[in-house]
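Heads up: the sequence lines are chains A, B, C, D and E, in that order.
According to this note's numbering, the first sequence holds residues 1 to 355 in order.
According to this note's numbering, the second sequence holds residues 1 to 355 in order.
According to this note's numbering, the third sequence holds residues 1 to 264 in order.
According to this note's numbering, the fourth sequence holds residues 1 to 309 in order.
According to this note's numbering, the fifth sequence holds residues 1 to 369 in order.
In case anyone wonders, no lab produced these hints; they're calculated from the structure.
Fair warning: this is a prediction, and the values are worked out from it, not measured in the lab.
Ideal Cβ placement from N, Cα and C applies to all residues, glycine included.
Mixed in with the good hints there might be a few duds.
[To be verified] Pairwise CB distance ranges, derived in the manner of DEER restraints:
(1) Gly123/E - Leu86/D: 53 to 63 Å
(2) Thr303/D - Gly44/A: 39 to 49 Å
(3) Gly44/A - Trp240/C: 23 to 33 Å
(4) Thr303/D - Phe28/A: 31 to 41 Å
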Amino acid sequence: MSETALAAVQKPTAEVPAIRLRRLTKSFGETNAVDGVDLDIRQGEFFSMLGPSGSGKTTVLRLIAGFELPTSGTIELEGQDVSGKAPFERDVNTVFQDYALFPHMSLVDNVAYGLRVRGMGRTERRERAAEALGRVQLGKFVSRRPSQLSGGQRQRVALARALVVEPKVLLLDEPLGALDLKLRQQMQIELKELQRSLGITFIFVTHDQEEALTMSDRIGVFNNGKIAQIGTAHEIYQRPAGPFVANFVGTSNLFDPVVAGRLYGRQEQFVVRPERLSLSWDRSAAMHDGVASLPGKVTSIVYVGHATQVNVALEDGPAVVVLVGTELPEGEQLLGRDVTVSWAHRDAVWLPGEA
Amino acid sequence: MSETALAAVQKPTAEVPAIRLRRLTKSFGETNAVDGVDLDIRQGEFFSMLGPSGSGKTTVLRLIAGFELPTSGTIELEGQDVSGKAPFERDVNTVFQDYALFPHMSLVDNVAYGLRVRGMGRTERRERAAEALGRVQLGKFVSRRPSQLSGGQRQRVALARALVVEPKVLLLDEPLGALDLKLRQQMQIELKELQRSLGITFIFVTHDQEEALTMSDRIGVFNNGKIAQIGTAHEIYQRPAGPFVANFVGTSNLFDPVVAGRLYGRQEQFVVRPERLSLSWDRSAAMHDGVASLPGKVTSIVYVGHATQVNVALEDGPAVVVLVGTELPEGEQLLGRDVTVSWAHRDAVWLPGEA
Amino acid sequence: MTALVLLFIYAPLLLVVVNSFNADRTFGWPPKGFTLEWWGRAFDSEGVREALVNSLWVAVVSTVISLILGTMLAMALQRYKFFGRDVVNLLVILPIALPGIVTGIALNNMFTTILGVSLSMWTVIIAHATFCMVTVFNNVIARLRRMNGRLEEASADLGAGVFTTFRLVTFPQLRSALLAGGLLAFALSFDEIIVTTFTIGAGDTTLPIWILQNLFRPNQAPVVNVVAVVLIVVSIVPIWLAQRLSADSVGISAGRARARAAVK
Amino acid sequence: MALQISQPGADPGPGNAPVPRAKRNSFSALLNRSPNIRLAGLLAAPAGWLVLVCIAALAALLITALWTVDTFTGKVSQTWTVDNILQVVTDPVYQTITLRTIWIALAVTLIDVVIAIPISFFIAKVATARWQKLLVVAVLMPLWASYLVKAYAWRNVLAEGGLLEWLGTPVGLNSPGYSESAVILTLAYIWLPYMILPIHAGFEKVPDSLLEASSDLGAKPWNTMRLVMLPILVPSIIAGTIFTFSLSLGDYITAQIVGGTTQMLGTVVYANVGAANNLPFASAVSLIPIVIIMIYLFVVRRTGALNNL
Amino acid sequence: GTTSGNNNPGATAKTEIGAGEGQVSILGWPGYVEDGTNDPKVDWVTKFEKDTGCQVDFKPFGTSDEAVTLMRTGQYDVISASGDASLRLIAGGDVQAVNTGLLKNYPDVYPFLKDKAWNTVDGKNYGMPHGWGANLLMYRTDKVVPAPTSWGSVFGDAATYSGKVTAYDSPIYIADAALYLMKHQPDLNIKNPYALDSTQLAAAVSLLKEQRKHVGEYWSDVVKEVQSFTTGSSVIGTTWQVGANIAVADGAQVQTLLPEEGATGWSDTWMIGSKTKNPNCSYKWLDYIASPEANAQVAEYFGESPANPKACALTADKQHCETFHSGDESYAKQIWYWTTPVANCLDGRKDAKCTDYSEWTKAWTEIKG
Ligand SMILES: Nc1ncnc2c1ncn2[C@@H]1O[C@H](COP(=O)(O)OP(=O)(O)OP(=O)(O)O)[C@@H](O)[C@H]1O
Ligand SMILES: Nc1ncnc2c1ncn2[C@@H]1O[C@H](COP(=O)(O)OP(=O)(O)OP(=O)(O)O)[C@@H](O)[C@H]1O
Ligand SMILES: [Mg+2]
Ligand SMILES: [Mg+2]
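Isolated chain A, as found in the complex (with noise of 0.2 Å):
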């Protein structure tokens, strides 16, 4: 993979990035749990920072955040260098993932701190945070205790303390990681509206890739302290810049440079997406133009409630994931029986780089 090349394709704005990373570094002891990423964040993007565990996604948080001081490199907030200033001096707000409410206050308090802090008078600062408080649904709860709510509910608070000093930058480190689908499926609905009303920039970390996928403007793919692609969700996932993120958004069908070779006579890889293949079931694919087919065997059916996976080995091919959303042919046995498998040429995205 090229990733450090594309990585540093930025497209040139005229406005001033609400963040601009330098070759920013962070190394503890002997590893580089960021690794020179450069990356500019547009003002009012909702932006998602996505990677598997330990790929130093919470780390470029971090030290946007200011709690951790970079090893090299540099960090602006809006054309102005912060690298070396200390988290409160820079306008920048954090929703942590365990939220770090202050258990001895009440609601109210704890989100007025930051409005305190700043030296703001009880009554107003206390009208301002009830305030917030009702914007996210919290209104009736103001004199509870964080330890009287449940996990959504904290979440809307440490939303409200971050919102109500008005940051420029939001930082939240999967903000959703701790709560069950359901809710989850709510909130992401809810975090992105209020981004929206609010036009603040967000930058928004997951190890999920369908959240990602979901909410974001763009998405930055995080891999090993480095920056594996920076896109829209349609370009990450229609046009993954390599296998790295190929295989990590979404599930992909890697086709080897043989195959390739053999099909288009180029040798590279491709992959193809599950609901980009069809699967008819014979071995009489009809050879239409702009379409490869490839005969196999199915191996196993999994069905998901809204499609059904059916596996199949391919003769001349990998082990392939195909996504069928009809109804398979009732009663019949569908296991080990001889299927082709079809995609449209276009459909088939071709991985530059190594194998």
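Take the given structure of chain A and dock chains B, C, D and E with the ligands to it, following the hints.
For chains B, C, D and E with the ligands alone, kept in the frame of chain A given last:
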């Protein structure tokens, strides 16, 4: 909903069920965590318990394992009443959500524990434990401590530990809950394989519907301490027994009796799954046989990678979600556009019972 | 700041060390001369040895008693809700929270006036075990709170009875907490003077009693300094031991347990 | 990775006998079934011990306070009277001593809190892991030096021409001599570790993310300390004060060694137990610290401090 | 603690010493019963054990008050009681009368120590005199000029050395004030400093309260006091001769004197517990400890005047008896030995009721404030 009526529907089986629950009830103070559950689980079955948080799944599992004693009702294990027995008197083993590995013991000692307390000699039990660890591919880690393993590896140790004593029934309480997406999907496949090859009855608790759908022979959907529906994945997804199940398992577009009356002359609710709805980007949907159509307006579009979720506000009906697998018309303003949503009559699932 | 505090902590101790070599029997400052006489005498003194043995014996026995009772109590209070739970909770704290002199005369009064038992090493042990219990109790209950409750269920699930579970699962988990609590109980008992004064029998001396008796005797006070120096130096062993053990067995959280444990 | 199953079916493997079933153990089963028996088994011995040794002894002490001493033989005569208690309550000298003792205990506590907070903060949050260990040991070690020896060392430090004066005179500092201040200083020294340790444990329990959150929201370090750290530490601090306060409240040995003429409640109790052998009167005096501590425990009960001891 | 026992001060004395019971438990001032464990060179117990076969079990006490408390437990066979403890023990029935005829060293004892108020009640002897000493006035020669001659320096004139005056920390110290008042305020009519009616006590208390303002430290153990003198924390106050000796040995510039008013002092008596199970060993101890050899060792180690004049020849320091004015009866006459104040006035007054020790204790608490 007529959950009780539904829950009572049990196919009579000739063989003795692995687990038979009869009017099982467990109260904690005022709350009935489990409320008169009747359930037969067949020998060798992969049975999942699905339901929202607090619906009583864990409590049923703990009652079966013997960690809690029922307030009323009976539990039979292979035809034998074990309601009052202690956990160590039941041939049932549990894989805990947090694995509950003994932190002070090496892996092999963890796995050998059940054999040790049964009085098996040191050499023999260690041999068997090592063998069991080999079976879950941890053969080379026998002398590590649990803290030196990753989440997925711990999960396997917990599994090996429970299986080495050859229980009749294995209980798993959200065993994959703590793992991240990729690992989770992999473990789902492995678990299912294991169950198939061992032929042991698995009772699997989850609140992730996709997980339940992909893995189970049968699913029991819990709500409020009661069973709302029992059936195969297909049955639960395609023929939900009520609005609760329809909504909990997958996304559902619910049409109320008024719309139903207008379209079909039948005053009952029905649901259509998002992937069963089709969308035409204009108002001129061909009205052919066996298909219903309604006009609407696009309110939002969310890209989810393998497909796109289009939210449409129907003119004479509810707001619905349509899952579009193909690429959307490019380069056009789609938000706010007038569209027609249609579905085949056979894809409408009628929900009997109260509105 | 920290350096200052450490100076504050160590200056007087250093003085003790210096005085153990001070030729002046009343320790004028600065020291008038250097002598090894006190060290020689301390090692010859049978009284010190006897008192030391007594102290060790009292400390060991009362630590063992408090380990057993404290653990039982912690398990009862942590796992069950019952009527009078708060009272018992207060009761276990009371002996340590009450000034030693109160505990001392209360026990003295009870043994001699009410029960008519004559004072002995055993009355000292009873008194010490009573206030040492709280150190074990606090350590164990803190560990139990942090301990994964599922572990015991897992053990039962795998076929172990109640006692087997305790032996193989619960006890090993508690071990470092017991060690920390036990060490502290030992230290408390070993250095206790006030309660001991009121509960010790005729002719018995523990080390602190010996020190008290000899601190103000013309030829003995310097010997006391020697004993103190030896104690300080020897104390490094159990402290390091506690550090090592807790660090090895449970990692970070043990650090917390240790510090928490270290408080009575 | 996939779970490789050697062969399908429940066969445990070649040559292996089936696993024996769990052993029957009806006593264990009984215990398992009945939480009450388990509780009784656990609770009987320790609670019985505490009630016997603790409650009974205190009750006896209270009763003894209601008896008198025969002035001729010096023996306790079991005639009931509230004279002792009355005298303790009404005689101004006991009020003076009580107030002085409380003042000393409070001052000691305050000094220890003031010293302990920054040093525990340093150990728990600033020092590196290596240093942290060393420092904890450094603070723990004086705990093992004999109380008496430490008090006596202070006697030497405070003496005219002693270490303190020797060090202090050049910087214009005077030794307080043997006095109330000397008692406060010495007690503060002796009980300091008992304050540092719970506070240190308290600091370790404060998650770093809370401090980061505070800083993130714009609080300078001092504000973080004042608004976040301290309130969370309150239970730990109170736990520490229980020790320093109660230990100081009952002290008489330090007062004897460095107190000069200072009398504390402990001195009076001790004098009356020994002197004149007036156990009833001593009991009556000792009711004062009992009441004070009980009130204090009652007041701080709700803060959760008792769990931090 | 207290044990109920027969209140019987007139218990009949023993008529002969039989074979030893093999053990004896002794309560004594620290330094009175040394078996070499503290200092191998200081040992007179081992010889006793060898000679009599009685194993000695020793418990030291810090003050007379503690001694009484411990003796009351009935666990001890023998006690070395000062005068302020002995009467309390006799009154409490804790000790028995002693047949001095059975003690072969008794005849050698200085006559002025025999048949005194603190060891003899109703003509019955309660023990073997041990040794005695005076509570002297000590001062730093370099700091206190001119040299004092009267207790007035620590009472009326205490202000001169305010903060540097020291005094003995025990209710019995009230007697020192009473002694001073006896000489300087004749109108109070004090005849015996241990027999004070409430007016007299009040006068002594107010004198001591006045003194309290100038006291730097009360001392209860002699090394502590010596240390204060050596460092200069104290410059004037009461002492025991032994304290002065240590101070001088340490190079302090101190001087002691018996002021013109006389002084209080102690005279110790070995007594036998009324409930002893080892009467023979107890008698053997009483006799042994008054033997010239043992008496000399004790007196020298503790720093006091021996009871047996023959001991003077055996002390290591040949000046010992002279330093301590051992045989000096006129010196001894000026000393008011510690005696427990009781309600029946010790000076023989029948019309007045005297204050007892528990009142002195409370007064002492009040004085120290
Ligand atoms: N304080 C630290 N000391 C040492 N190593 C650290 C520290 N913080 C992070 N690391 C290391 O830096 C690397 C990146 O960690 P980071 O927490 O940024 O990953 P992440 O992408 O946030 O992972 P996750 O999804 O698990 O949160 C990891 O290898 C981690 O072990
Ligand atoms: N020990 C207990 N004491 C009191 N209430 C309990 C206890 N255990 C469970 N409950 C209550 O019983 C109900 C069912 O809880 P249960 O844990 O079985 O739910 P669940 O379906 O497993 O939920 P989840 O998906 O969150 O694990 C809940 O309302 C819970 O609060
Ligand atoms: Mg992270
Ligand atoms: Mg659950």
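Each hint tested on the structure:
no. : hint                           : verdict
1   : Gly123/E - Leu86/D: 53 to 63 Å : 41 Å, violated
2   : Thr303/D - Gly44/A: 39 to 49 Å : 46 Å, holds
3   : Gly44/A - Trp240/C: 23 to 33 Å : 57 Å, violated
4   : Thr303/D - Phe28/A: 31 to 41 Å : 38 Å, holds
Hint compliance for this structure: hints 1, 3 are not met, and every other hint is.
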